[in-house]
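Here the protein sequences line up with chains A and B, keeping their order.
Numbers 1 to 61, taken from the working numbering, label the letters of the first sequence in order.
Numbers 1 to 634, taken from the working numbering, label the letters of the second sequence in order.
Be aware that one or more of the hints could be misleading.
[Stated by the list, open to error] Selected chain B positions facing chain A (in silico; Cβ < 8 Å):
| id | residue |
| --- | --- |
| 1 | 20 |
| 2 | 21 |
| 3 | 265 |
| 4 | 468 |
| 5 | 495 |
| 6 | 499 |
| 7 | 508 |
| 8 | 514 |
| 9 | 535 |
| 10 | 572 |
| 11 | 576 |
| 12 | 602 |
| 13 | 609 |
[As the list claims (entries may be wrong)] In silico DSBU-like pairs for lysine-lysine, Cα to Cα no more than 35 Å straight-line:
| id | chain 1 | residue 1 | chain 2 | residue 2 |
| --- | --- | --- | --- | --- |
| 14 | B | 312 | B | 301 |
| 15 | A | 26 | B | 541 |
| 16 | B | 626 | B | 570 |
| 17 | A | 16 | B | 312 |
[As the list claims (entries may be wrong)] Pair by pair, the computed Cβ-Cβ distance ranges are:
| id | chain 1 | residue 1 | chain 2 | residue 2 | range |
| --- | --- | --- | --- | --- | --- |
| 18 | A | 6 | B | 214 | 48 to 54 Å |
| 19 | A | 21 | B | 569 | 25 to 31 Å |
| 20 | B | 427 | A | 55 | 51 to 57 Å |
| 21 | A | 41 | B | 334 | 30 to 36 Å |
| 22 | A | 58 | B | 594 | 56 to 62 Å |
These aren't lab readings, by the way, just hints derived from the structure by calculation.
Quantities reported herein were computed from a predicted structural model and do not represent experimental measurements.
Ideal Cβ placement from N, Cα and C applies to all residues, glycine included.
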Amino acid sequence: MADVLQLTVVPPPLPKSWSPQPPPAKSLSPLVDRKLIAAGPAYLAHVRRAVHNLSFEEHDK
Amino acid sequence: MAINGTFPNGSANAPVEASSQPTVVGINFGNSYASIAEGLAESIANEDGERQIACAISFHGEETYIGNQAKAQLVKNASNTIVGFRNLLGKKFSELPKDKSTTSAPIIQHPDVPDEPAYKVQVLQASPSPLPPSALTTKTNTPAVSQTATPRSEPAPVDRILTPSEVATIFLKSLLQSAEDFLGKKVEGAVITVPGWFDEKQLAAVRQVAENAGINVLQLLEDAGASAVTTTAGPLADGLNPDRTQLVVDLGASSLSLTLLSIRHGLFHILASSYDSNIGGDQIDDKLIKFFAKEFTKKTKTPLTVCPSTDKADVRAEARLRLALEHTKRTISASPGAATCSVESLKDGLDFTGTINRMRFDMEARSVYSAVYAKAQELLASADLDFLHVDEIVYVGGSASLPGLDETLAQGVQESTVTPFTAGTVIGGGIGDPTTLLARGAALQAKLLAQIGHSGEDEEVRKAFEQGSTWVRAKATTRSIGILFPEESSDAELGGQWIGVIPRETAVPARRNIAFDVDLGEDGGPHRVGFEVWEVKEGVKVEKVKPPKDEDEEPLDEDEEEEEIEVKEKTIEKEGYLASVVVETKNAKKQKGRWRTRLEVQFLLGADGSVEVSAWEVGTAVSGEKASVSVPPL
Ligand SMILES: Nc1ncnc2c1ncn2[C@@H]1O[C@H](COP(=O)(O)OP(=O)(O)OP(=O)(O)O)[C@@H](O)[C@H]1O
Ligand SMILES: [Mg+2]
């Protein structure tokens, strides 16, 4: 199961005038190369998902 | 070292746990001190009750001392005492700095091996059948007698040549022995910490040495990794997010290592790091030695010139003070009261006892604290960050136990920044104790590795922990991503309620789930919740402001300008709109005249840079329908 972070913020009601903007033809800003430290349970899980080609949800099971 | 002595901190016959898990340990192998731990428990004490074991070996006649007893030999038997050998592992003789003066055993070119450094010490050896120096058969490698049948004659002084690797092997062997004696079990594997700046040759040398010492090396783990493992184990300290930027301040005896880590739900990578071998506990010692030497002279009218000292009596006095300070510094770290420094027969047969309070101590150590501060500032700047972005400071290394260092760094960071001192985890061998953090992290890592099975797929997973594995390569985000709840007339920075979900420098793939209540207003509905997904850029705003007027303050003279102070603030700025999500709510409940519902939002960041955002109502009833949007891959 995913960890759910319980927050205390309470967003206000939606303005009447708001309507969803169409998504622009835009993706995320470019990613950068990083080197993970090969340690800890999260790295183990990261590798297990990658080795077995599992999604987060599949790995939860 | 009393190999067969008593065990003040444990028993040699500890009950063997009925567990299928192998006994594995973590070894913090520093240049000055080493320690061992099993699991998260406080580190293991050796026969002499020491948990911080000096990386020192000393030869005295037919005796071999290891650890803190060996360090004590620096006073009268310095030329046969070997320290600082870890940093020589994997180094050629020609690569070593030649100008370093040392009072301990001299480093020479090995007489037989080209370009190999070696230590030359004098030992007493039974003649006429000396043992070959490479026969590492006894526990401490004492050139002991009983190994040969030859009748013992008068031992004769001989030179003994040892390479740094041989010294390290003897040392690690003894360390392993202590741990096994303490645990009452054979140690089946170990994770050993290494500096992040060690190159491949140095790492290979450490591995070789450990294997020579009979250690099954599960992994060589860089210091920052070991500390990250410890600090992400167990419950989160108040005010900490599982996604955070951590500054690891490792202040040892002869060096300062700084590492800026991106900690993302237990995954970590280094944003920037620096190493300086001119800042460390040794510098603090120099200041204190001068301080106490002055006291001594004041009290006894006996001149004492130290740091540097040349006269033989002064050299010894300095060495004695240096040893005694270990206790003084630990007292200062452990309690707010004054600490003493006592040396029997410091010089000319005169005993000395001096005291120093925390304020004075910090005054003496100030230059070192400030140097750490400056280096930290430099490091942050190199990563385009500010002290404001440091969510947590972690202290590693003996000298980082000094509260004065934390007080100095506190002046730079935000009040909300968590340090082990503010969290109260340093005292009493808590999880934040800088002297045990590395061994504990290595021990946890050893347990993790020992749990991986042995199927074909598991072997593949295990390889991901090997040096040079390609699994460590990852892509990370460069902008923070979150959701914006638009507001009619908002003076908020982004025109509404902003909730950051995935901070920049998060390795992909990543998943984040958050839940929170949403205010739906007074009207009866139907209600809908809508929010926008944005990328934002983080920065720092610096403003010069006049300090708040102090009522009691004297009015300033007319020509005197009121001095402005700098106020820094974190900022976020819209970078790019990604998508909108709308959820029709069905579970809203009325509370004090207003409708509310609870929403869970999930972000899935793919390895290809795609983003999927879903939101649904959660509550006592069944979870609501999922509304999802996707942002295409890069
Ligand atoms: N509780 C304490 N309070 C203050 N200083 C301490 C404390 N414990 C150890 N020290 C000092 O910390 C230093 C040793 O730190 P550490 O064990 O981290 O060294 P190391 O990593 O082996 O050293 P190096 O920097 O040489 O690589 C010594 O100067 C020692 O006197
Ligand atoms: Mg260290």
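Broken hints, by number: 1, 2, 4, 5, 10, 17, 20, 22
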